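Q: Sequence:
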Amino acid sequence: MKNSPSFDQDLPPSGEHPLFIEMAQFCRDGGREEWREAARWVKYEEDIEEGGQRWSKPYVSAIHLSALNELRGILENNCQVHFNLVCGSEKEACQLLVDKWLSQRALGEPESSKVLSTLLKPHAHLYETTESSSLIPRIFKGKTNPKPRKASLRPDQARRGSILSVVYQPQEKDDNLGINYLEIGRAMGTLLTDPGFKDLAYSAESRDELVAGIDQFLNTTSILPPAIWDASIRLEPHEHETNGHGGNAGGEQVEQDDSLARSGKLFRGLYKDLQRKIGWYPSDFRDAISLQVLSTWMFLYFACLTPMITFGGLMGEATHKSMGTMETIVSGCVCGIGFALFAGQPLLILGSTGPVLVFEKILVSFAESNDLNYLEFRLWVGLWISAILMVLVALDASSLVQYITRFTEDNFATLIALIFMFEAVKNVVHIKENHITLGIVNLTFDEFSEIPGSQTLHEVVTQLESETGTTVFLMSLLLFFGTFFVTYMLKEFRISPFLPTWCRYLVSDFAVILAIACLSVVDYLAGIPTPKLEIPENIFAASIPALLATILIFMDQQITAVIVNRKDHKLQKGCGYHLDLFVLALLIVIGSLFGLPWFVAATVESLTNIGSLKMESETAAPGEKPKYLGVREQRVSNLLVFTTVGLSVLLIPLLKNVPMPVLYGVFLYMGFSALMRMDLFSSSS
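Residue numbers are given in the UniProt record's numbering: position 379 of the sequence shown equals residue 379, and the series is strictly consecutive.
Keep in mind that the hints were calculated from the coordinates and are not lab data.
Computed from a prediction, not measured in an experiment: that's the story for all the values here.
A virtual CB, placed ideally from N, CA and C, is assigned to each residue, including glycine.
Fair warning: there could be bad hints in the mix.
Said to hold, decoys possible - Think about it this way: if two alpha-carbon atoms lie no more than 35 Å apart in a straight line, the pair counts; the simulated DSBU-like pairs of lysine-lysine are: (1) 491 <-> 570; (2) 614 <-> 272; (3) 321 <-> 432; (4) 43 <-> 614; (5) 614 <-> 567; (6) 614 <-> 573; (7) 573 <-> 57; (8) 91 <-> 57; (9) 43 <-> 426; (10) 57 <-> 627; (11) 43 <-> 121; (12) 567 <-> 272; (13) 57 <-> 43; (14) 570 <-> 627; (15) 432 <-> 361; (16) 91 <-> 43; (17) 570 <-> 614.
Unchecked claim - DEER-style ranges, computed between Cβ atoms: (18) 66 <-> 280: 54 to 64 Å; (19) 55 <-> 33: 18 to 28 Å; (20) 122 <-> 54: 20 to 30 Å; (21) 30 <-> 195: 38 to 48 Å; (22) 617 <-> 199: 15 to 25 Å; (23) 195 <-> 590: 49 to 59 Å; (24) 28 <-> 113: 13 to 23 Å; (25) 280 <-> 56: 44 to 54 Å; (26) 572 <-> 489: 26 to 36 Å; (27) 477 <-> 56: 37 to 47 Å.
Turn these sequences into a full structure, and let the hints steer you where they fit.
A: Right, here's the structure in full:
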């Protein structure tokens with residue numbers, strides 16, 4: 001096989017490598033004789049179609065029972081089976097096979113040279129590149145000898161190359177009897193895709209074990225009646241893997257998490273969280289050495305900064321300018337850095353939420369109606385909430401989150417995601433309602449003379465402003481939906497067949513940043529005055545932080561933490577509910593003393609962080625989606641995000657060129673992607 005791995009290189013056990021199976025058919029084309037690739041398997045079958053010009057779409061192999069029974073009879077009765085064959089190359093393996101046939105008088109001397117020459121004919125492949133870590137079983141089928149000869153070979157220690165070869169040399173009368181050797185070859189290839197039979201093929205020491213493996217395969221096989229099922233219909237690859245024996249992949253029991261077990265001792269849960277996380281702390285920084293972390297940082301920077309600016313403006317209105325945008329940015333920087341460094345679950349993103357704003361309005365109204373100093377009153381309430389949270393940490397109250405069901409989690413996350421998407425659309429619509437042309441219309445004397453007599457200057461200016469506003473709105477719509485579409489397509493580019501794997505993964509990781517950059521360039525080239533990102537340049541007087549009720553903090557924080565810590569995210573470093581709440585209590589104290597707003601875990605941003613840091617297998621069988629490996633658990637991306645948020649004032653010349661509709665498109669994608677991760681919507685799709 002051309003460009004195949006070296007035959008003399010040893011491999012680790014078979015389970016550590018994918019199994020690539022090839023079926024070749026001996027063909028004569030004029031004076032040229034060669035083995036042509038007819039089908040291949042990695043997990044699903046692919047056949048050469050369109051006159052040998054392309055591979056078929058991967059599909060689940062459907063084989064004839066008669067072919068499988070014929071294969072069983074061949075292996076059981078008249079097949080040469082050789083285990084642990086000591087050979088250094090494919091040529092040497094074929095020579096040893098022919099020598100054994102000669103020694104057993106299965107071949108004559110004249111025939112042996114012809115058979116050996118046929119076995120060593122060149123191989124023609126549609127594509128010449130083979131995965132370097134693949135093991136390559138070969139299935140040969142051809143007509144060269146008047147007597148049928150079959151053989152099964154397994155080189156010693158599963159060396160790279162043809163670890164198993166089945167050779168058929170049928171005579172013409174076999175074809176007349178209806179024996180389809182091509183289907184027998186397909187049956188052998190399908191057998192080797194079964195995990196159970198594959199392991200048996202590596203470990204078997206006798207032909208009886210191979211026959212028993214076929215029997216076991218038949219015992220777990222479902223048969224469809226021919227009158228109902230059309231054999232020409234190809235089954236699509238299924239979404240969920242099985243272990244080949246009717247169970248879930250792996251079949252292992254899910255390990256129970258004891259981090260929420262109540263001990264009855266004060267601060268016992270906090271102590272266990274600290275004990276669990278300290279061992280992982282150095283790796284939280286080592287594991288951040290990846291381009292994926294860099295792309296996550298740049299993506300989440302915009303995803304976190306823009307809500308802070310919007311929330312700060314609304315907070316200023318609700319609190320009569322006691323707190324504003326700059327205070328919100330500074331609070332986000334302080335709380336985000338503190339949580340990223342010391343939290344039990346650093347994948348959580350702290351952010352400003354709607355309930356915070358509602359509570360602030362209620363608190364302002366209460367203070368004014370009772371003639372209380374609003375800032376002093378909030379300071380004391382903030383300190384009391386910090387004290388109550390400390391009591392909850394001491395009593396291991398976070399253990400109550402184990403009673404939060406998946407239904408509650410999905411409802412909560414779905415609500416937040418829908419609100420996120422609704423707010424993104426609403427903000428774009430408000431561009432048309434609120435946009436005012438800031439430029440002054442300057443008309444020359446000649447332009448004045450061209451104004452129709454029936455129109456006044458005021459009417460002309462009003463018409464120009466209306467047309468400009470409509471143009472800005474249409475451009476904003478293009479940027480809004482364009483950002484969503486480009487981001488979505490670049491994320492899906494990861495599983496496309498174009499470009500090398502590393503290149504696809506790189507483009508997918510930086511999808512949001514590329515979308516923001518591309519659409520910002522489009523906006524700049526268009527020259528239409530769409531609204532841009534605005535960051536205040538002056539720091540207001542220190543103010544008291546936004547105060548949340550204890551129940552609001554606890555539920556908002558812990559429900560988001562439960563969603564992030566789900567089993568299906570495959571987190572390896574454990575959770576830290578008690579430690580998270582303890583860090584939040586300390587941040588409330590700091591915020592209260594320095595007059596900064598207060599943040600809690602933001603659901604959509606946290607789920608976006610999880611999605612941006614997910615790890616998938618770099619290779620997958622044709623027709624199979626990449627395997628989800630887990631999440632890159634580290635602290636550096638969040639640390640960089642909130643440090644950059646604090647330094648945003650220094651980036652004003654650059655950030656003011658980013659159109660707001662582009663960021664609204666990012667919000668739409670964040671809400672959409674969070675929604676698609678919910679069981680309710682993923683099951684429906």
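Q: Decide, hint by hint, whether the structure agrees.
A: Going through the hints against the structure:
The suggested pairing of residue 491 with residue 570 holds, with an alpha-carbon distance near 21 Å, which does not exceed 35 Å. Simply put, residue 614 and residue 272 have alpha-carbon atoms about 27 Å apart, close enough for the 35 Å limit, and the pair holds. For the proposed pair residue 321 and residue 432, the alpha carbon gap of about 27 Å is at most 35 Å, so the pair holds. Only pairs whose Cα atoms come within 35 Å are accepted, and residue 43 paired with residue 614 is accepted, the gap being roughly 24 Å.
Of the supplied pair hints, the one linking residue 614 and residue 567 holds, its CA atoms being roughly 14 Å apart against a limit of 35 Å. For a cut-off of 35 Å, the pair hint linking residue 614 to residue 573 stands: about 15 Å separates their Cα positions. Distance hint between residue 573 and residue 57 is unfulfilled; the C-alpha atoms sit about 39 Å from each other, more than 35 Å. For the proposed pair residue 91 and residue 57, the alpha carbon gap of about 33 Å is at most 35 Å, so the pair holds.
Restraint check for residue 43 and residue 426: not satisfied, since their Cα atoms lie roughly 47 Å apart, outside the 35 Å limit. Note on residue 57 and residue 627: the hinted pairing holds, with a Cα-Cα distance of about 19 Å set against a maximum of 35 Å. Taking the CA atoms of residue 43 and residue 121, the gap is near 27 Å; set against the 35 Å cutoff, the hint holds. With a CA separation close to 20 Å, the supplied pair residue 567 and residue 272 stays within the 35 Å bound.
Simply put, residue 57 and residue 43 have alpha-carbon atoms about 13 Å apart, close enough for the 35 Å limit, and the pair holds. The hinted pair formed by residue 570 and residue 627 meets the criterion: a straight-line CA distance of about 12 Å does not exceed 35 Å. Taking the CA atoms of residue 432 and residue 361, the gap is near 28 Å; set against the 35 Å cutoff, the hint holds. Distance restraint check for residue 91 and residue 43: the Cα-Cα separation of roughly 28 Å lies within the 35 Å cut-off, and the hinted pair is therefore satisfied.
A distance of roughly 10 Å separates the Cα atoms of residue 570 and residue 614; the hinted pair therefore holds under the 35 Å criterion. Distance hint for residue 66 and residue 280: a CB-CB separation of about 57 Å, consistent with the stated range 54 to 64 Å. For residue 55 and residue 33, the Cβ-Cβ distance of about 24 Å falls inside the hinted range of 18 to 28 Å, so the restraint holds. Between residue 122 and residue 54 the beta carbons are some 21 Å apart, a value that agrees with the proposed interval 20 to 30 Å.
Evaluation of the 38 to 48 Å hint for residue 30 and residue 195 yields a pass: the beta carbon distance comes to about 42 Å. Look at residue 617 against residue 199: about 20 Å separates their beta carbons, and that is inside 15 to 25 Å. In this structure, residue 195 and residue 590 meet the distance hint of 49 to 59 Å, their C-beta atoms being roughly 55 Å apart. For the pair residue 28 and residue 113, the beta carbons lie near 18 Å from each other, so the given range of 13 to 23 Å is met.
For the hinted restraint 44 to 54 Å between residue 280 and residue 56, the CB-CB distance of approximately 46 Å keeps it satisfied. Checked against the hint of 26 to 36 Å, the pair residue 572 and residue 489 passes, with Cβ atoms roughly 31 Å apart. A C-beta distance of roughly 42 Å is found between residue 477 and residue 56, which places it inside the suggested range of 37 to 47 Å.
Violation of the numbered hints given earlier is confined to hints 7 and 9; the remaining hints are satisfied by the structure.
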